[in-house]
Amino acid sequence: MGRARAAGLALPLLLWQLLALAGGGAAFYLEVRELEEKCFIQEIPDGTVVIGNYKTELYDPAMEKYQPSPQWINLFVFVKDPENKNLLARQYGPRGSFTFTSQSPGEHEVCLHLKSIRFALFYDGKLAIHLDMQLGEHTNDHTELAANDKLTLLHLRIQQLVEQVEKIQKEQEYQRRREEHFRQTSESTNQRVLWWSILQTLILVATGIWQMQHLKSFFKAKKLV
Amino acid sequence: MGGVVPRSVSALPLLLLLLLQAERPRGAELTFELPDNAKQCFHEEVEQGVKFSLDYQVITGGHYDVDCFMKDPLGNTIYSETKKQYDSFTHKAEVKGVYQFCFSNEFSTFSHKTVYFDFQVGDEPPILPDMGNRVTALTQMESACVTIHEALKTVIDSQKHYRLREAQDRARAEDLNSRVSYWSIGETIALFVVSFSQLIWLLCPLPCGEDWALSLDFPPLSSLYLWKPGPEAALQKPHPRGALESALEARTGW
Chain G
1 MGRARAAGLA LPLLLWQLLA LAGGGAAFYL EVRELEEKCF IQEIPDGTVV IGNYKTELYD
61 PAMEKYQPSP QWINLFVFVK DPENKNLLAR QYGPRGSFTF TSQSPGEHEV CLHLKSIRFA
121 LFYDGKLAIH LDMQLGEHTN DHTELAANDK LTLLHLRIQQ LVEQVEKIQK EQEYQRRREE
181 HFRQTSESTN QRVLWWSILQ TLILVATGIW QMQHLKSFFK AKKLV
Chain A
1 MGGVVPRSVS ALPLLLLLLL QAERPRGAEL TFELPDNAKQ CFHEEVEQGV KFSLDYQVIT
61 GGHYDVDCFM KDPLGNTIYS ETKKQYDSFT HKAEVKGVYQ FCFSNEFSTF SHKTVYFDFQ
121 VGDEPPILPD MGNRVTALTQ MESACVTIHE ALKTVIDSQK HYRLREAQDR ARAEDLNSRV
181 SYWSIGETIA LFVVSFSQLI WLLCPLPCGE DWALSLDFPP LSSLYLWKPG PEAALQKPHP
241 RGALESALEA RTGW
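From first to last, the protein sequence lines are chains G and A. Under full-length UniProt numbering, think of the first position of the first sequence as 1, with each following residue one higher. Under full-length UniProt numbering, think of the first position of the second sequence as 1, with each following residue one higher.
For the record, the hints were derived by calculation from the structure and aren't laboratory data. Incorrect hints may have been included.
[Stated by the list, open to error] Each computed BS3-like pair below joins lysine-lysine, with the alpha-carbon atoms no more than 27 angstroms apart:
#: 1; chain 1: A; residue 1: Lys160; chain 2: G; residue 2: Lys38
#: 2; chain 1: A; residue 1: Lys39; chain 2: G; residue 2: Lys115
#: 3; chain 1: G; residue 1: Lys80; chain 2: G; residue 2: Lys170
#: 4; chain 1: A; residue 1: Lys160; chain 2: G; residue 2: Lys126
Between the sequences and the hints, there should be enough to build the whole structure, so can you do that?
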């Protein structure tokens, strides 16, 4: 019984997802040239799954609009974690999605650039990258859950609330760690200011004494004093 | 234990949603770096009558300000601000087409800016596609859930703002820390250099002789003076001397 219902929902669901990706309703796009690198910063807690759905298009000057890119235009994705380690360095086709999971909390840098792997872009082609980055396992898609687990509407609502609260909790934990790091930096600055001031005063006094000593000995030697 | 739902009925709401692609809400929040003298534009296709909102904040760089302007598909500027630190802007799309919004750092000559923006199109979707067709009132439980959901959304939003503000402060604190280090090291070096050169300049106006270097008890310094007066120096007419030098000469014979 449940399986038949699930099957009944599966096909339209699949169709919906395909349309979502292929249709004009993809997220915003930005214009780039070939090999121009665009970087984005994502500040995320650890263990977050980031999914980036993208689609690339090539500007056709004859038709004066963007057409889907041919197969020989590839997207290079580089993801660096807060310690500057490479988390992801891969080449993808003209459309699809890339995904990575953060190992440590902090600022991750996602860099994209397009490259044509076979033919050169003769007319200084303009390219467009449609990008949609989602953080966490974004289950806006509750229909699948409903189909699989036969949950009532109330159940789904509670589920949504639980997810939201978990998200808030995660963010707060992350925030606590960031604050700790910030406090350490401030205390380090404070200490440095203190110790360097003391050291510099001592050096000043010491060099003053040394200077006077040598001047005195010089003048004594030359019988000026 | 919901009864057997005929296949056609369960598929219908989804098909409805497929047709209503226009109302499907989209959002993008991104942080990117804007180099000096650069402009970065983003484009989004929006249907007619859909409300969208943009809010942005500058996280690091210079005076934490950026220019922002937004153009509709016909080329009219619907929003334009210069040197703003953060702002929020909502608009209802009159025309269907590609809207573009740009951030410009062209007024700055050397500071990179990191800009965060959040662009939301449309409203939030109902939790299930068939929600739009419901005509029955919500039960108390359900309306309580809706209230909680809205409140939690506000919490998530304010968390986001705190995160951005903390990122800004943290960047400033780290910058201050490294500046204190470099400045302190530089000052110490300058202190040493100044005190040494003061002494040398005072006691040893050019030309210097070897006997001067030997009279002081820091031997390494004698290696600095490679020039030694040759035999012809004694035959040369002495150069005109100032008052101090003649006084010194009278006293020391140097």
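Exercise for the section: For the pair we were handed, A:Lys39 and G:Lys115, check the Cα-Cα distance against 27 angstroms. Expected result: 22 angstroms, holds
Practice task
Take a quick look at whether A:Lys160 and G:Lys126 sit within 27 angstroms of each other, Cα to Cα.
Solution key: At roughly 34 angstroms apart (the allowed maximum being 27 angstroms), G:Lys126 and A:Lys160 break the hint.
Problem - Hint consistency between A:Lys160 and G:Lys38 [alpha-carbon to alpha-carbon, up to 27 angstroms] - result: 23 angstroms, holds
Exercise for the section: Could you grab the alpha-carbon distance between G:Lys80 and G:Lys170 and see if it respects the 27 angstroms cut-off? Expected result: Measuring from Cα to Cα gives roughly 21 angstroms; hence the hint holds.
In this structure, the one hint that does not hold is number 4.
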